[in-house]
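Enquirer: Could you put together the complete structure from these sequences and hints?
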Amino acid sequence: MDKLSNNQIAWRAAQDIADGAYVNLGIGFPEKVAQFQPAGREAIFHTENGILNFGEAPPPGQEDWDIINAGKKAVTIRPGTAFFHHADSFAMVRGGHLDVAILGAYEVAETGDLANWSTGPKGVPAVGGAMDLVHGAKRVAVITEHVTKDGKPKLVKRCSLPLTGVACVTRVYTSLAVIDIEGGRFVLREKLPTLSLEALQAVTGAELLVPGPVADLIVPEV
Amino acid sequence: MDKLSNNQIAWRAAQDIADGAYVNLGIGFPEKVAQFQPAGREAIFHTENGILNFGEAPPPGQEDWDIINAGKKAVTIRPGTAFFHHADSFAMVRGGHLDVAILGAYEVAETGDLANWSTGPKGVPAVGGAMDLVHGAKRVAVITEHVTKDGKPKLVKRCSLPLTGVACVTRVYTSLAVIDIEGGRFVLREKLPTLSLEALQAVTGAELLVPGPVADLIVPEV
Amino acid sequence: MDKTVADLATAVAGIEDGMTVMIGGFGGAGAPIELIHALIDRYRATGHPTDLTVVNNNAGNGHVGLAALIEAGMVKKLICSFPRSADPVVFTELYLAGRIELELVPQGTLAERIRAGGAGIPAFYTPTSYGTDLAKGKPVEEFDGRPYVRERWLKADAALVKAEAADSYGNLVYRAAARNFNPLMCMAAREAIVQVSRIVPPGGLDPEAIVTPGIFVQKVVAVADPHQEEDLNRANAAYPLEA
Amino acid sequence: MDKTVADLATAVAGIEDGMTVMIGGFGGAGAPIELIHALIDRYRATGHPTDLTVVNNNAGNGHVGLAALIEAGMVKKLICSFPRSADPVVFTELYLAGRIELELVPQGTLAERIRAGGAGIPAFYTPTSYGTDLAKGKPVEEFDGRPYVRERWLKADAALVKAEAADSYGNLVYRAAARNFNPLMCMAAREAIVQVSRIVPPGGLDPEAIVTPGIFVQKVVAVADPHQEEDLNRANAAYPLEA
Chain A
5 MDKLSNNQIA WRAAQDIADG AYVNLGIGFP EKVAQFQPAG REAIFHTENG ILNFGEAPPP
65 GQEDWDIINA GKKAVTIRPG TAFFHHADSF AMVRGGHLDV AILGAYEVAE TGDLANWSTG
125 PKGVPAVGGA MDLVHGAKRV AVITEHVTKD GKPKLVKRCS LPLTGVACVT RVYTSLAVID
185 IEGGRFVLRE KLPTLSLEAL QAVTGAELLV PGPVADLIVP EV
Chain B
5 MDKLSNNQIA WRAAQDIADG AYVNLGIGFP EKVAQFQPAG REAIFHTENG ILNFGEAPPP
65 GQEDWDIINA GKKAVTIRPG TAFFHHADSF AMVRGGHLDV AILGAYEVAE TGDLANWSTG
125 PKGVPAVGGA MDLVHGAKRV AVITEHVTKD GKPKLVKRCS LPLTGVACVT RVYTSLAVID
185 IEGGRFVLRE KLPTLSLEAL QAVTGAELLV PGPVADLIVP EV
Chain C
123 MDKTVADLAT AVAGIEDGMT VMIGGFGGAG APIELIHALI DRYRATGHPT DLTVVNNNAG
183 NGHVGLAALI EAGMVKKLIC SFPRSADPVV FTELYLAGRI ELELVPQGTL AERIRAGGAG
243 IPAFYTPTSY GTDLAKGKPV EEFDGRPYVR ERWLKADAAL VKAEAADSYG NLVYRAAARN
303 FNPLMCMAAR EAIVQVSRIV PPGGLDPEAI VTPGIFVQKV VAVADPHQEE DLNRANAAYP
363 LEA
Chain D
123 MDKTVADLAT AVAGIEDGMT VMIGGFGGAG APIELIHALI DRYRATGHPT DLTVVNNNAG
183 NGHVGLAALI EAGMVKKLIC SFPRSADPVV FTELYLAGRI ELELVPQGTL AERIRAGGAG
243 IPAFYTPTSY GTDLAKGKPV EEFDGRPYVR ERWLKADAAL VKAEAADSYG NLVYRAAARN
303 FNPLMCMAAR EAIVQVSRIV PPGGLDPEAI VTPGIFVQKV VAVADPHQEE DLNRANAAYP
363 LEA
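Protein chains in written order, with this note's numbering: chain A, 5 to 226; chain B, 5 to 226; chain C, 123 to 365; chain D, 123 to 365.
To be clear, the hints were calculated from the coordinates, so they are not data collected in a lab. Accuracy of the hints is not assured; some may be wrong.
[As the list claims (entries may be wrong)] Calculated pairs, DSS-like style, for lysine-lysine (alpha carbon to alpha carbon, straight line, at most 25 Å):
#1 C:199 <-> B:76
#2 A:36 <-> A:77
#3 D:199 <-> D:258
#4 B:156 <-> B:126
#5 C:198 <-> C:260
#6 B:36 <-> B:7
#7 A:36 <-> A:76
#8 D:198 <-> D:260
#9 A:126 <-> D:258
#10 B:153 <-> B:126
#11 C:198 <-> B:126
#12 C:258 <-> B:161
#13 D:198 <-> A:126
#14 A:161 <-> A:142
#15 D:260 <-> A:126
#16 C:260 <-> C:199
#17 A:161 <-> D:258
#18 D:198 <-> A:161
#19 B:76 <-> B:36
#20 C:258 <-> C:199
#21 B:126 <-> B:7
#22 C:260 <-> D:260
#23 C:258 <-> B:126
#24 B:142 <-> B:7
#25 C:260 <-> B:126
#26 A:7 <-> A:126
#27 B:77 <-> B:36
#28 B:36 <-> B:153
#29 C:199 <-> B:126
#30 C:198 <-> C:258
#31 D:260 <-> A:76
#32 A:36 <-> A:7
#33 D:260 <-> D:199
#34 B:142 <-> B:161
#35 A:126 <-> A:36
#36 A:142 <-> A:7
#37 B:161 <-> B:7
Expert: Structure follows, in structure tokens:
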């Protein structure tokens, strides 16, 4: 089955970020979204550990380990950067000041529930800022492969893994489609043009509603 | 009856402020305490509106109206002054970081209840920071005339005026005596040497316990 | 990304009838006099906005700034800690005549409620006001054997704020104790409207010294030489000011 | 009034068995490595302090700093949001062997609980963790139709904190994102112990740029050229460090 690369998923998600938006990107895969911000549109990136308006990674060897992102990777400052402590940082998150948070997922339910912090009881549990980020941002979006490595749906009726948040996700960008969550249901907005609705439904764990036109999900090689 | 002047009451209260203490002085009469800090002992004064370690009033005509105390009088900055916003300022108050708050009073009850913000339902009510200051400081002391202008006791069994706080005052410096509040009772510590215990009791609205020695309250002319 | 607007009238254009408006300042320090006066100008020209609920520590002084806003009849309700001042005649007369509502809040609780509104904390417990008239009707709960009063967050449709300098991202620094409620109100308002003495380019503020990060600010307007309420009142000024 | 102490050993001398100790830093940024190592030195010499409850965002990395404190066997319980790292072997092994307790707290809730501890707010409501395993057993209440979880303040007997500079009053400034939890922990601890790269005389810090006012600080010690955890781990260092 044709599918988008991670870079392509990130590119698609970046197209929906408005000029001037305040954005938090989850650690790992979502960090890629920053690379694809459309020309002429400025996003201001927030990291939980206390930087607003940071820049890209420094060249290797030029890291300043006091200037890092939530994933503890080195970033840089820009004209207009601000530093602040953790309580102020999460006031930005919880207080509804971010325009968009883009996160990874193990599972997303049609209810908007998200599971992205724990794969179950074994090992050392670690939550970080995930449970905070799903609340407060005006729009919480997920980027993800459409199915697991074993081919199981990641978009499901109800999450089987421990929840990160309840009814929090409003849009999912997958390797196959763009799907909104509205009224507790998946609503298909875009799909790969080579993919039939039936084939997409077959790899999706809950019904896809199609109340309006479905656009072709066309993404450049990036 | 002999009694201390307001300056003398303030002087006596100042003698109990330890070197290095963080102190908030209520607006009005308590502000006088700052003038009588004993030599060699440094107090650091906090004002609710966001200054720590401010200095005395500037000469007339040299006021900077952005550098004021809670009573909206001009003060000055010193080496070591810090500015902060109101939430941080009241975190200092409520969070137990002040060593001493010295406040005025309409009435103090033997329970430690304080009434100092409202004389009743008429007029415009105004509370300011009074209700916050009675909580959090490690020691909340009151300076006051021992009786009202009409000669009525200000130290009472139960307050008749609207309360500022419950069981908050631990020491009262009056024009006649120094009285601790312990276990919901007034405990006499010092009185004017010219004043008999009986005479003091007669102008006090609740029983004065005398479990130990009572020192002479001797204050210089100031 | 440029949050600066051309003039005061544009800055306050989004404030409508019935809104809750936070106004920074402690007495005159940090009071956004010019923004308030711009709002009065609009009311005098159009009859709007009116029926405002205003959040401020005080109730204005003399006949300028907040006192003038109240005097113009634009304020339905005031939420504040200390509605007294050297010259509080405007508020006092309306209040005693029953023509303006007052919600009296202890100063630290007022600050914390505003901060909570900005930080997404709908309610919190405080020892302040326990056992007093100002706690009446509020839930009380014991923690570790001590009683506390539950208070709700406070949010606003708009905040009028005074700062010393801004960059175009809306990052702010303040001046001395003119800071007071201003940073908190930026956090708690849907639209934080800020007058500053100077606007600098991005990078013109030390990122370590920024007090209000730009995410909390929506509009910035330059007022190069702002009035100080205390000076106006000492000159017995009334708004509109004599030229 | 001088809060500076002569050396690291003096700085950490008040920390006793069974205490709750907050340790600043987010990963290595802002981690008070030298204060932690001084505490380990005391333990190696005297067998104390032990049975500590430590509050930090993470669980240490490699074999220095917090990881070395855990490895030395001084920590009974960890309260943190993210006990994973590039090299979390020390905590992971003890945890999986059931030899260290873990209280997992969402990062923003952790920050707010610490701030609440410092601000005298015994409990507050947050949307974070509602409906998840981490909210189990906690009171839930609806405000304006939305459910929130009630969380308690977090306080400590001591905090180990890293800042950039201090004056003798304990006023502090930080460096970049090394700020993180450090200012909050100063507020929430009975004794905030701070290592700084430099101590300046009163007046040596801009009063507008002070992040932690000295009222929140009890001890300051100079560590002119502090280690950066990231550098130590890239060099595969372990505490005690080779000379």
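Enquirer: Honestly, which of those hints from before does the structure not fit?
Expert: 18, 21, 24, 26, 31, 35 and 36
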